[in-house]
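Participant: Protein chains in written order, with the working numbering: chain V, 653 to 764; chain C, 65 to 178.
You may find that some hints are simply not true.
Here's a subset of chain C near chain V, in silico, CB distances under 7 Å, partners left out [unchecked claim]:
1. Gly80
2. Gln105
3. Phe119
4. Glu166
5. Val177
6. Leu178
In case anyone wonders, no lab produced these hints; they're calculated from the structure. Model, not experiment: these values are computed from the prediction. Every residue, glycine too, gets a C-beta built ideally from N, C-alpha and C.
Letter by letter, the chains look like this.
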Amino acid sequence: ELKVEQNPLFLSMQEGKNYTIYCNYSTTSDRLYWYRQDPGKSLESLFVLLSNGAVKQEGRLMASLDTKARLSTLHITAAVHDLSATYFCAVVYGGATNKLIFGTGTLLAVQP
Amino acid sequence: DGGITQSPKYLFRKEGQNVTLSCEQNLNHDAMYWYRQDPGQGLRLIYYSQIVNDFQKGDIAEGYSVSREKKESFPLTVTSAQKNPTAFYLCASSSKSDKINEQFFGPGTRLTVL
């Protein structure tokens, strides 16, 4: 059974601190996505990671992918309150059908 | 503006009723998807369609039905057979013409069973 596990499930951070969210998945995949969701809202795409060793950065967020370890990380640098949201990773499975399986999400709360 | 629209934003249903959630996209995407999200959880795939007049069951299709008569539209019916339909429903679409195949999401419909 394909599983995608994120940890931690909940993360309370102080502004200015750094932290990393981890996403482990149980089968091979050629694509991994990171999404952000604000309360009551839809999903906003953050990063698409296509290959082993891929690294993408946008502002205070940086995502990386290690396909051999089946691990992706989302690193937060010098957190600010505006980053408070739930972050999901999602892994493609099913080949050309492009189906996604999502992790359970990490709720990030950045405290002033 | 190109995008995905879902309606209604909020929907209340009495037990035993069927309800239909609308999803429309003007991105010219071939593939469309329906997901369900329960509080504090990730999304789970209900149905997906790669092409007009064709669709497949996802991981939790029981109690749901779909149609894909037009490329732009992929409505989801929540039937009375769905035992616990209260959830947030998200529709997505993607293009099959590029390698990234990123899925773009609509704003969602929040369904509550009274």
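Participant: Take the shortest C-beta to C-beta distance between Leu178 (chain C) and chain V; is it under 7 Å?
Facilitator: This interface hint is violated because 20 Å lies over the 7 Å limit.
Participant: Is the interface hint satisfied for Phe119 (chain C)? The criterion is a beta-carbon contact with chain V at less than 7 Å.
Facilitator: 11 Å, violated
Participant: Hold the hint about Gly80 (chain C) up to the distance rule: shortest CB distance to chain V must be less than 7 Å.
Facilitator: At 27 Å from the nearest chain V Cβ, Gly80 (chain C) fails the 7 Å test, so the hint is violated.
Participant: Taking 7 Å as the limit, does the beta-carbon of Glu166 (chain C) come near enough to a beta-carbon in chain V?
Facilitator: Interface hint status for Glu166 (chain C): holds (6 Å vs cutoff 7 Å).
Participant: Can you verify the interface hint for Gln105 (chain C): is its Cβ closer than 7 Å to any Cβ in chain V?
Facilitator: Because about 6 Å separates Gln105 (chain C) from the closest Cβ in chain V, which is inside the 7 Å limit, the hint holds.
Participant: A closest beta-carbon separation below 7 Å is what the hint needs, so does Val177 (chain C) meet it against chain V?
Facilitator: At about 18 Å, which exceeds the 7 Å cut-off, the nearest Cβ of chain V leaves the hint on Val177 (chain C) violated.
Comparing the model with each numbered hint stated earlier shows that hints 1, 3, 5 and 6 do not hold.
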